[in-house]
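If you're matching them up, the sequences are chains W and G in order.
Under the working numbering, the first residue of the first sequence is numbered 115, with each subsequent residue one higher.
Under the working numbering, the first residue of the second sequence is numbered 4, with each subsequent residue one higher.
Be aware that one or more of the hints could be misleading.
As the list claims (entries may be wrong) - Derived pair list, reagent style DSSO-like, types lysine-lysine, alpha-carbon separation capped at 27 Å:
# : chain 1 : residue 1 : chain 2 : residue 2
1 : G       : Lys-55    : G       : Lys-80
2 : G       : Lys-80    : G       : Lys-59
3 : W       : Lys-158   : G       : Lys-71
4 : W       : Lys-158   : G       : Lys-55
5 : W       : Lys-123   : W       : Lys-171
6 : G       : Lys-80    : G       : Lys-63
Bear in mind the hints are in silico, worked out from the structure with no lab data behind them.
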Amino acid sequence: NAGVTQTPKFRILKIGQSMTLQCTQDMNHNYMYWYRQDPGMGLKLIYYSVGAGITDKGEVPNGYNVSRSTTEDFPLRLELAAPSQTSVYFCASSYTDRNNEQFFGPGTRLTVL
Amino acid sequence: GDSVTQMEGPVTLSEEAFLTINCTYTATGYPSLFWYVQYPGEGLQLLLKATKADDKGSNKGFEATYRKETTSFHLEKGSVQVSDSAVYFCACYGQNFVFGPGTRLSVLP
Chain W
115 NAGVTQTPKF RILKIGQSMT LQCTQDMNHN YMYWYRQDPG MGLKLIYYSV GAGITDKGEV
175 PNGYNVSRST TEDFPLRLEL AAPSQTSVYF CASSYTDRNN EQFFGPGTRL TVL
Chain G
4 GDSVTQMEGP VTLSEEAFLT INCTYTATGY PSLFWYVQYP GEGLQLLLKA TKADDKGSNK
64 GFEATYRKET TSFHLEKGSV QVSDSAVYFC ACYGQNFVFG PGTRLSVLP
């Protein structure tokens with residue numbers, strides 16, 4: 115069991131570029147989440163999904179898009195990167211809602227210059 | 004809306020010292036409460052949780068008791084080890100799931 119895997123680990127983008135952060139889980143979890151973690155702050159929810167084909171916005175969705183075509187994969191797309199998107203991004207999954215344990219990936223550190 | 008307040012860090016302790024990290028929450032109803040831990044270079048891991056008043060969550064020598072009268076869920080450990088050095092996040096799940104800002108703990112040998 116690999117758990118939750120994320121790629122890449124690090125990335126530097128120029129303003130206006132686009133990229134996709136990959137997230138895969140092998141635990142057959144229905145729920146998946148994308149968070150961002152800014153220095154000295156708790157995690158903020160960007161988007162979440164309760165199953166394949168179903169996604170919804172979290173607290174801070176602007177500038178991001180997601181899709182969930184399979185149970186395993188939940189990619190996060192950044193269009194037109196901005197310096198405000200410099201952060202550490204975590205993908206997580208849980209069997210049901212967040213009252214159950216969330217399993218986190220190791221994170222992607224993104225810098226936008 | 005729901006919110007979580009944690010004591011500011013960093014907290015630096017010597018090995019075998021007693022640890023308390025304070026956490027208070029604001030939420031309507033009866034939220035579930037969690038402590039997550041983030042070791043260097045890793046994602047968060049669930050440390051313990053409690054789902055109703057007076058419940059005590061415990062794991063790896065850490066404990067926290069759900070106190071509804073004081074809206075608190077303080078994390079304690081009787082004797083910390085160097086391997087406990089990490090960032091600890093308190094979280095609350097009421098209407099929304101909210102993480103606190105995290106408290107960095109460094110344990111010196």
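Item checked: Satisfaction of hint between Lys-71(G) and Lys-158(W), Cα-Cα up to 27 Å -> Judged against 27 Å, a Cα distance of about 25 Å means the pair holds.
Checklist line | Pair hint outcome, Lys-123(W) versus Lys-171(W) [Cα-Cα no greater than 27 Å] | finding: holds (24 Å)
Notebook entry, point to check: Does Lys-55(G) lie within 27 Å of Lys-158(W) when you go C-alpha to C-alpha?
Noted result: Within the cut-off at roughly 25 Å; holds.
Next item on the list: With a cut-off of 27 Å on the C-alpha distance, tell me whether Lys-80(G) and Lys-63(G) pass.
Entry: Holds, at roughly 9 Å.
Next item on the list: Compare the distance between the alpha carbons of Lys-55(G) and Lys-80(G) with 27 Å, and conclude whether the hinted pair is satisfied.
Entry: holds (21 Å)
Note to self: Run the distance test for Lys-80(G) versus Lys-59(G): straight-line Cα separation, threshold 27 Å.
What the structure shows: Holds, because 13 Å separates the two Cα atoms, which is no more than 27 Å.
Going through the hint list in order, the structure satisfies each hint without exception.
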